[in-house]
Structure formats: C-alpha cells, structure tokens
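Undergrad: We have chain A; now place chain B onto it with these hints.
Chains as they are written, first to last, in my numbering: chain A, 1 to 324; chain B, 325 to 573.
Do not take every clue at face value.
[Claimed, not checked] Which bits of chain A does chain B cover? Going by a derived footprint, with three or more residues having C-beta under 8 Å, they are: (1) 179 to 188; (2) 194 to 205.
[As the list claims (entries may be wrong)] Chain A is faced by these chain B residues, among others (derived, beta-carbon under 7 Å): (3) Ala397; (4) Leu402; (5) Gln413; (6) Arg435.
Honestly, the hints are just simulated from the structure, not real lab data.
Ideal Cβ placement from N, Cα and C applies to all residues, glycine included.
If you want the building blocks of each chain, they are given just below.
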Amino acid sequence: MRSSYLPIAVAVAVLALLPLGTSSNTTLNFLSFALIVALAAQGWNILGGYGGQFSFGHAAFFGTGAYGMALLQVRFGINPWLALPLATLLGAVVGAAIGALSFRARLRGSYFALVTLAFAEVFRILANAWGFTGGAAGVLVPLRIEAANMQFADRVTFYWLVLACVAAGLVLTQAMARARFGAWLVAVRENEEAARALGVDSLAVKLRAITLSSGITALAGGLYAQKFLYLDAGIAYGSWISVEALLAPIIGGLGTVFGPLVGALVLLGLGEATKIALGHALGGAVPGADLVVFGVLLILCVAFAPRGLLGLGADVRRLLRRPA
Amino acid sequence: MNALLQVRGVTMRFGGLVAVDDAALDVAPGTITGLIGPNGAGKTTLFTVIAGFQTANAGSVAFAGEDVTALPAHTRALRGIARTFQIVQPFAGLSVRENIAVGAFLRHPRRGDALARATAVGEAVGLGPLLDRPAGALTVAGRKRLEMARALATEPRLLLLDEVLAGLNPSEIRDMLPVVRKIRDDGVTILMVEHVMQAVMSLCDTVHVIAQGRMIAHGTPAEIARDPKVVEAYLGHGAARRLAGGADA
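Okay, chain A solo, but in the shape it has when bound (with noise of 0.2 Å):
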C-alpha cells in the first residue's frame, strides 16, 4: 500500500540530482520553467485527465496564481512565503467560481471547454487594460536576493522549491487516485449518469476537482512570477499555458499519476532541442519551431499512443513479456 508512493520518492529523487551535472544557467532555467509547466499540467490532469472535463483555459488559474504572487508583493508588501499560499488560494477561488457557473448550467464537452477557453481570454483582456494590474506594461517584482524574500543567489535552490512543489502535486494525485474521492471522480468520467445513480454528487465531485485543479495550476503561476519576476497579460493569462498545461497530460497518459511530468519534460525537451538545433542549422533564432514540434507530438500520440506515452509504455511491456 504504501510502497505506491515508491516510484514518486525514486522519481523526485531524480530530479532533484538532476542540475548537480551542471553549472550552466541555461539548463537551469529550463528545468526550473520544464517543472513549472508539470506543475501546472498536474491541476489541469485531475479536472481533464481524472474527472475528463477539458478546460481549453487553464491560464485562468495560472494567470491569476502569477498576478496573485506578483500584486500581493509589489502593492501590498506582502511576503513571497505568504503569497505564494494566498496565490493559489485565489487561484482555487477563481476555479471554484467558474466551475460553480459552467457546471450548474450542465457544460460539458466542448461548451465547458469553450467556456473556459473565453473566462481566460476575458482575464486577459482586463489584465492588459487595468491600472492596477500594470496594464500592458506588466508588473515588475522587485529584485531583492534573500532567501526571506523567495530570491535566491543559487538557481538550483529555487528548482529544488519548484521540485518540491511538483513533489507535493505528486503526492497529491496519488493520494487522490486511491481516495473515495478519486473513484468517484473517475466514475463521473466514464458515466455520469451511472455515477448517480450509485449515490455519487456527481456536481459536488465536478466542484472539488475544479478547485483542487485550479488551486495547483495557479500554485504554478505564482512560481512563475516568482521565477522570472516580470509578468505581463500575455505570459499570465496567455493561450501558450492552457495549451501547454493540456497537451503534457494528452502526451504523458491521461488521468495517470505521472502523466503531466512525463509529459511536460518530453514536450518541452523536444520543443528546447529542436530550437537550438534549428538555431545551429539556421544561424539564428526560429520563433514557433517549438509549437510545430507540440503539433507533431499531439498528432503521433493520437494517432499511434491514445493512453499516452505511459500507455505506450505499458503495451510494449507487455508485449516484450508475451512470447517469453
């Protein structure tokens, strides 16, 4: 029972040896923003991947988890540590509500993911024209290295906090999976109306996953903001994350413990090389060769890995395992 949390600690444990090979920034700063990206593609798998309802706009939580930690800071003085908290509680909030209006009124399919899709395009809209949020120039998180203030001379620190975070998101999903709750919510995925029959608040369940899913993805906008301590509207409430927050579940295996991780480091891996390789090949920058690589990735894995590449990964077990 307890050994299901093994290939979590073997996995952290991993990652967390991962930079101690290297000194250089660059990689740094694509594992700690590759982490980010799991983070938030683990609130986005318990609402799509376990309770199978797409959101087309989780940039909404991660955007307001990003502004959360940015404006607590910048117009209230508040402490990154207490922030970081508030932040995703907010984000939690935000979810919460746009859950209770899309799921009273029975959304679901498309009409929920479009619903959310425009809750995060309205987001963004209001955060480019509102003073408050530094409009269309963005907010500024002072620089101020402390390790009291969330800003630390050594990078790898800051990756180990992300690490822990997506640790705790891990842990999380695990625990969730084997709960009454994670049944219950995989039951209102497969048959909704079946779920309710067996007693199941099929709503109240949709609620809980939408809170749960929000609070996480903007747990990882908050350390965004913090990672990179500039945010405007099209890097916090901008299509690029909900895409990228969707796609690492659909390629790592949906509605599984470590499909988002497995997937945002494919994902992000793949789209990193290719634009350096393109670079080197070129002589200059690409714009968008990443998104191209995405695009290929998500048609390989629906054409060839429905369950994704842990699904891939299972079948060729057990293929290998049949002739012997």
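TA: Structure of chain B alone, referenced to chain A:
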C-alpha cells in the same frame, strides 16, 4: 399497508405526450414486485421518476414513510434506492471490481473496505472470476450482472431492476433467476420492469400492469394473466373475448 415505496398520482409529460398518467403503486417490503406493460407503456419513465432522474410534473414518491419527491437521484441512493439501467452503463475504463467499488464507496469511505465489499458482492452475483477484467470486455450477460452488482454494492433497501433479463438467452435467464431471488432473500426489496414473462411469473409476488401511461391492473401473477384488461393491452382490443370465444368453441 406499510409499503416501502408508495407512488401516488405521478404524471410525466414530454411536450404533448403523456408518458405516465396519474400512476400509483405500492411495493411491500421483502417482496419482488413486477412492473409490466407493452412497449412504450411508460415503465422506464416511471422508474426514472422513482429513482429521481426525472422530476414528475405531478404526484409524489414516498420511500420508507418519507416523501422523497424533491430529492435528487444521488440523495435517494443514499436513502437506499438503487437502480440499474436498461441500457447497461458500465464504467468501461475500469475493472469489474473497480466498477462495483464505486457503489461500495457510498457506505464504505475507506478504499480497502470498499474493495473488499466489491469483491464480496461481485462473487455473490457470479462475477468472481471476472473481477480483474476491464468492464468493457464483459459479455451482455456479464454486464447485466455488473449492473446489479454495482447497485447492490450501495447496500440498498429497494432495488429497481430495469429489464435485467432483456437480451439474455434462455440458459442465461435460467442462471439469473436464482441470483435475483437470492437478493430478495438477503432482505432487499425489488421492483422490476421485465418483458420476460416466464421470469415475471416465477419471481414476482405482485405484478402491476401499465399500458399507455395508466396503471390498468395489479395482483398476483396468476390473477394478472387471467385479467381481460391485461390481455387486451398486449394483444389488442377484443382479443380477450375472441380468445375466450375460441376456448368455448
């Protein structure tokens, strides 16, 4: 009479169509009660109203002496009303055991307890060897058993069976009858919609007949089989007299 389920004056309209018209029925505790009627008579509609999946335009449903008319389906399940679906609705991506456990979680919040309960219920309905198979891989007969197992795992006092025998071959039906009887003997009251008359005759203590949305008769299976109104509902106007006339000649 102290009925476990009391349905009074239920009317259900879909636009201009009256699917159920002023229906009333009682289900006595510890019995197997049948609900029969020709195709399109309103049996399944009445079921969905009793289970709380649709709100009737008029009428009331009382369960164990309490009015449950306004309660949603999941709350009725918690009170002890469980239903199966005529068109089976397995959670296709889950194993048979996990399917049943979803029901068992209602009264057993801990995973270990729920899985143990699911195993016990699965074995009781004859799904023992299939518990670790994906539910999507079951045969029709297996899926019907899974429907019953999942509903039973919620530990209901009243089980609503919607055509659990439809689509089964005669030997599968023979296998299923003792399972249904055993559920009743274990203390679960059953209300069943069924088309397979041989099953209704052998299982049910009381039968209610619905035709064109109206309750037209109720009584023991033997009484029902002789009732001219019932014969006419199935075979058409005047059929009872013609049959009687044929027997005299």
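Undergrad: Give a verdict on every hint.
TA: Hints versus structure:
For the stretch 179 to 188 of chain A, the assignment as covered by chain B holds, since 6 residues bring a beta-carbon within under 8 Å of that chain's beta-carbons and 3 suffice. With a cut-off of 8 Å between beta carbons, the stretch 194 to 205 of chain A has 9 residues touching chain B; three or more are needed, and the interface restraint holds. Because the closest C-beta pair between Ala397/B and chain A is about 5 Å apart, less than 7 Å, the hint holds. A least Cβ separation of about 5 Å between Leu402/B and chain A falls short of the 7 Å threshold, and the interface hint therefore holds.
With its C-beta approaching chain A no nearer than about 4 Å, Gln413/B sits inside the 7 Å limit, and its interface hint holds. For Arg435/B, the shortest C-beta to C-beta distance to chain A is roughly 6 Å, which falls under 7 Å, so the interface hint holds.
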